[in-house]
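Q: Protein chains in written order, with this note's numbering: chain R, 1 to 245; chain S, 1 to 206; chain W, 1 to 52.
Simulated from the structure, these hints should not be mistaken for lab results. Treat the hints with care, since some could be wrong.
Stated by the list, open to error - No farther apart than 20 Å at their CA atoms in a straight line, the calculated lysine to any residue pairs in the SDA-like style are these: (1) 7/W with 155/R; (2) 7/W with 152/R; (3) 38/W with 155/R; (4) 141/S with 155/R; (5) 202/S with 165/R; (6) 141/S with 152/R; (7) 39/W with 165/R; (8) 14/R with 81/R; (9) 141/S with 71/S; (10) 39/W with 12/R; (11) 202/S with 21/R.
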Amino acid sequence: MNLNALWAYANPKKFIQATDRVLPWISILAIVSLVVGLVWGFFFTPEDYRQGSTVKIIYIHVPSALMAINAWLMMLVTSLVWIVRRHHVSALAARAAAPVGAVMTVIALATGAIWGQPMWGTWWAWDPRLTSFLILFLFYLGYMALWAAIEDGDTAADLTSILCLVGSVFALLSRYAVNFWNQGLHQGASLSLDKEENVADVFYYPLLVCIAGFVLLFIALVFLRTQTEIRARRTRALLARERMG
Amino acid sequence: MRAGGGFGLGLAFFLIVVTLVPFGVGPQSELLARIASGILWLGALLACLLSLDRILALDWEDGSLDLLATAPLPMEAIVSIKALAHWLTTGLPLVLFAPVFGLLLSLPEPGYMPLVLSLLLGTPALSVIGTFGAALTVGLKRGGLLLSLLVLPLYVPTLIFGAEMARRGVEGLDITTPLLMLAGITCGTIALLPFASAAVLKVNLR
Amino acid sequence: MMPELGKYAEAVLSSYGVSIALLLVLVWASLRRARRVKKQLEDIESKAKRDG
């Protein structure tokens, strides 16, 4: 496939047309995957011999955590595209993705904390992974707040994309700092499926379906929200032109 | 090159924070001794934060920033100088007066040198990172809260390693790792972040 | 039909509940704003067409 052909969708109108065509299908696929995956995982998997029924939380925690990170990565890529090629659709896509990523982060945090509760005895613990996600959430908030604070669209796009770049470096740095910071405490009781036990097939396949569902949901939401941003931008431009006579 | 009235204000704020802590957690010197290094780092961080918008806002408002942009100096140098000015008026005084505040919080004796050293190493990073945040919000009226929201998460690595270095100093442990990490962060931010800050200012000055 | 969740029932159910609720709110808010903005744009464009 000619990758250069993708640049055609940098045209706002073409983007809306193309996404209008696929959005219904992606949405349906997303819903189906989510329902199948979650029902399968919730009702039809056994309990983990150590974690009991809380292992079922992975069907939401793992996909949402993955999407929380991937949403930010997508924002990073689209921010770079904006900086280099100044395609407005790219900048607007980053803006559109941020709230979705933020919600994914909150879900990852909530499910992570709840999952840890039987292990730690409290509803929150400063486990390195949870803490890193909390910091990521703060980065999302700052990014969204900056977009909202600046009136001029192009300026906002420029500033938020630079923030995204710098933020990405610091987010990575924070991950290592937080691991260093909490290395002493929860030895071995970190929040993940145990690496030694290979995740049994019986847990694995429903998890894959759930991950697919979350990915499709993310794509559908970003397409929808980017369309909205494109339309909003055009509306502002038309209003401004009207005001100028 | 003006830096606003930051000098005395930053220190005064630091003093207020340090004074408030015992009211918040109780006056038992045992407890205070345990959390002193962390509180001092937090206080320094907040004091730096509060003087950030002064770095650029005054020059922005009266147009000197536009003038500076046309000067033969590259923008990267200008933002670095601004960061340096901020450090000289906020970070450095904090470093020098930290022992006094440590006294107020019952900081244990072995902790003083590591604390001062960690602040000396870390506050420059706070100024450089803060200048980036100030550049982002320079055009905004009442950008103070947004500035804090943007800058505080960026401060996390510096705070973690700085406070850890100070804490280990108090307990007599080896401070090499956090020291090196902290120094690395400071050097890295001083070397690289001005490029981002300069780009941001150029955007805002358009 | 309900699996034996045992003593973790509260944890598992609340995590599923909170997450699904958040996702539904996100989707609903996105759809609502999309509809509103689309209509707003159509109004302005038709007005611009009429006024020439």
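Q: Which of the numbered hints are not met once you compare them with the structure shown?
A: Result: hints 1, 2, 3, 7, 9 and 11 break, sorted rising.
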